[in-house]
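Enquirer: One-letter residues, chain by chain:
Protein chains: 2
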Amino acid sequence: MLTGKRVKIKAKGKIFEGIVMPSFTGNLVLKLDSGYNAGFCEYELIEVLEEVKTQIRGAEISKREDLPNVKIISTGGTIASRVDYRTGAVTSQFTAEEIISDVPEIAEICNVDAELLYNILSENMKPNNWIELARRVYEALKKYDGVIITHGTDTMHYSASAVAFMLSTPKPVVFVGAQRSSDRPSSDAAMNLLCSAKLSISDVGEVLVCMHGSTSDDFCYAHRGVKVRKMHTSRRDAFHSINAKPVARIDYPSLNVEWLSWRFKRGERDLKLFDKLEEKVVLIKFFPGLGSDLIEYFHSKGYRGFVIEGTGLGHVSTDWIETLKKICEDSIVVMTSQCLYGRICDRVYDTGRDLLKAGVIEGEDLLPETALIKLMFLIGNYGIEKAKKLVKINLVGEIESRSDY
Amino acid sequence: MLTGKRVKIKAKGKIFEGIVMPSFTGNLVLKLDSGYNAGFCEYELIEVLEEVKTQIRGAEISKREDLPNVKIISTGGTIASRVDYRTGAVTSQFTAEEIISDVPEIAEICNVDAELLYNILSENMKPNNWIELARRVYEALKKYDGVIITHGTDTMHYSASAVAFMLSTPKPVVFVGAQRSSDRPSSDAAMNLLCSAKLSISDVGEVLVCMHGSTSDDFCYAHRGVKVRKMHTSRRDAFHSINAKPVARIDYPSLNVEWLSWRFKRGERDLKLFDKLEEKVVLIKFFPGLGSDLIEYFHSKGYRGFVIEGTGLGHVSTDWIETLKKICEDSIVVMTSQCLYGRICDRVYDTGRDLLKAGVIEGEDLLPETALIKLMFLIGNYGIEKAKKLVKINLVGEIESRSDY
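As you go down the protein sequences, you meet chains A and B in turn. When the letters of the first sequence are read in order and numbered with my numbering, they come out as residues 1 to 405. When the letters of the second sequence are read in order and numbered with my numbering, they come out as residues 1 to 405.
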């Protein structure tokens, strides 16, 4: 068993040195000194150098006064999983020492403090978790120059939307994840983390998602939390800004930040927390044959916020109109599109005009997921009637005034 | 009122001649002799030439023996709407004479017969409509060399999927729509129809969707009906093949067909119709906070087919597992991803492995909408148990063996 040992090998005519990682493919996976993992299917073992200590020395990290201070809050997910080099088991510890041990370059960018908030798979996130997360970020922003949140990628865009609505922030709040865990040669964890660190000390004051911008290790995009969506199950560049440009591009390894669109700048907004979310809001995807009794089912359970993922410009079948009209009397119904790209416009066809007459509100170019969170936020903090007025107004960049995309 | 009259105008230093179309923007819209519409904001009227007859002479079309015969079945939607040149009203008539009058170039490609099946907005399509449509196409394929179905774009990919599963076809069955109606200068109706006509006489034997491939009028894509999705509310190139290459590219105006992927060729399959669909199948999009009681609600109403649009590689929150396990005893549950792009893989993380143990079936790289229709088709024709075996097997190109996309 070489796992956990530092070795020197010859492969592809070159010499490589690194720590042997657990591998499930049969290939040799080396963690190189650059922080990257590399996989080798054919190689020649030259030397076993030493065993690596599993316990990383704590309290040895001295902070540099010339660097900004960043808080990293971990919520779990692939990026936070750490493989014990000797046992191969995934550990849930999460300390600044571990981060710096894994990705030493981060210590050149900022002083890091770490906090383990959750260790859950992101598909298990609930609105209550978002409230607790927003509160923690709010507290951290009082003391730190920026906050990074490590998060599972499955629901990262839901969480980023929630924090973006709940928190008026004068500083960067950067969600970062990984599509491939750090025991895989193709892991995106280290690069995403470094780019998010650079972003967290940059001149921006909003909630962003930082992930690979291409399938190569050449740049990350910073997406606006309320305009981003996971668009691929496995690719490292799975996250895309929808109906908006990414906010920034962070080149790697230079970590040069190029701003690509308008943004809230650092210090532009005051720090404020709105920590309520109404949980009884539902997102319903329409399809041919789905009956409107589904709306009535949720209404009878006390739901008063409805986001519909309609077809095309924002349609459902005509036999839904009567139900929607009734529901709209005491509820808010927002129309979005399962096309995802483009803007809702219910003034073109008959069905759309009937929907508007029934009281349904056009969701502009809102993503269905963002509309869901926005309704949770608006109903929770302002009630139904005010929510009806605010839902079409851009609050934190979730609605672009024109759709060029 | 110039509407409906043939005029000669001067604009941008050139002379234009055409029929004045109804316009809602205040601009002058001319239908040029090329079949295209052009909008003019500044122009000088030179001459009013004549009024256009609204009634187009019938029975004057002589069929050419050297051309293939194509049946066009209209189901409604933007592409089938025809504006009466004099009144500006949208008419629902649909005859071969009208088509040839609107798009005369089609008579050079094939002999056309037309049939008005429905005149409904596509958001009002129901599974029963798909059954009737499949039957009509089946009958038409006995006599014609190809079939074109004009369809509203909102649910065209659902209908194309349904016909693709219900019909084993040795000849082309081409769905075509338009994002902009023919009274708009930017209408894509004529070009899409010409490209679909060329496709309907080509060497292919499957159900395709033919729409603009770019925002210019330079080419259309033929998408496989079971791999395509409307991905933009308004763009003319709204349709995209997901997890697959388009089947063909049809250049315009040359109408040259270039095949881009594997395909069923003309004559490769026998003509067969499976005209059953189980309507009690539901597609449920998961989001953080959605309770599994929704599954139980549909189950109690007699639903036995469930497609879940999970997160990432195919996840829902852990508290759904017990319900799913129970439901799987007498139902089929297929997992797809709201990422849309990529493949389901529930063997990577704990939640996924628990889902598999509960009896949930991985939906491979199936689109959620295609998985829904596939379940309707499989349960309707084969019952639950056989459906469980067949759902992961590629039947008509809905599952690609590798995901390179």
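It cannot be assumed that every hint is accurate.
Dumping the calculated BS3-like pairs for lysine-lysine here, alpha-carbon to alpha-carbon at most 30 angstroms [unchecked claim]:
#, chain 1, residue 1, chain 2, residue 2
1, B, K301, A, K325
2, A, K142, A, K272
3, B, K325, A, K301
4, B, K265, A, K326
5, A, K126, A, K276
6, A, K301, A, K392
7, B, K126, A, K325
8, A, K325, A, K388
9, B, K326, B, K142
10, B, K386, A, K126
11, A, K301, B, K386
12, A, K357, A, K386
13, A, K126, B, K63
14, B, K357, A, K325
15, B, K142, A, K126
16, B, K392, B, K63
17, B, K326, B, K386
18, B, K301, A, K280
19, B, K265, B, K357
20, A, K126, B, K326
21, B, K301, B, K245
22, A, K280, B, K326
23, A, K301, B, K392
24, A, K143, A, K326
25, B, K143, B, K63
26, A, K143, A, K301
27, B, K63, A, K301
28, B, K280, A, K326
29, A, K63, A, K265
Calculated from the structure, these hints are not laboratory results.
Enquirer: Of the numbered hints stated previously, which ones are contradicted by the structure, given in increasing order?
Expert: 4, 9, 10, 11, 13, 14, 15, 16, 19, 21, 23, 24, 26 and 27
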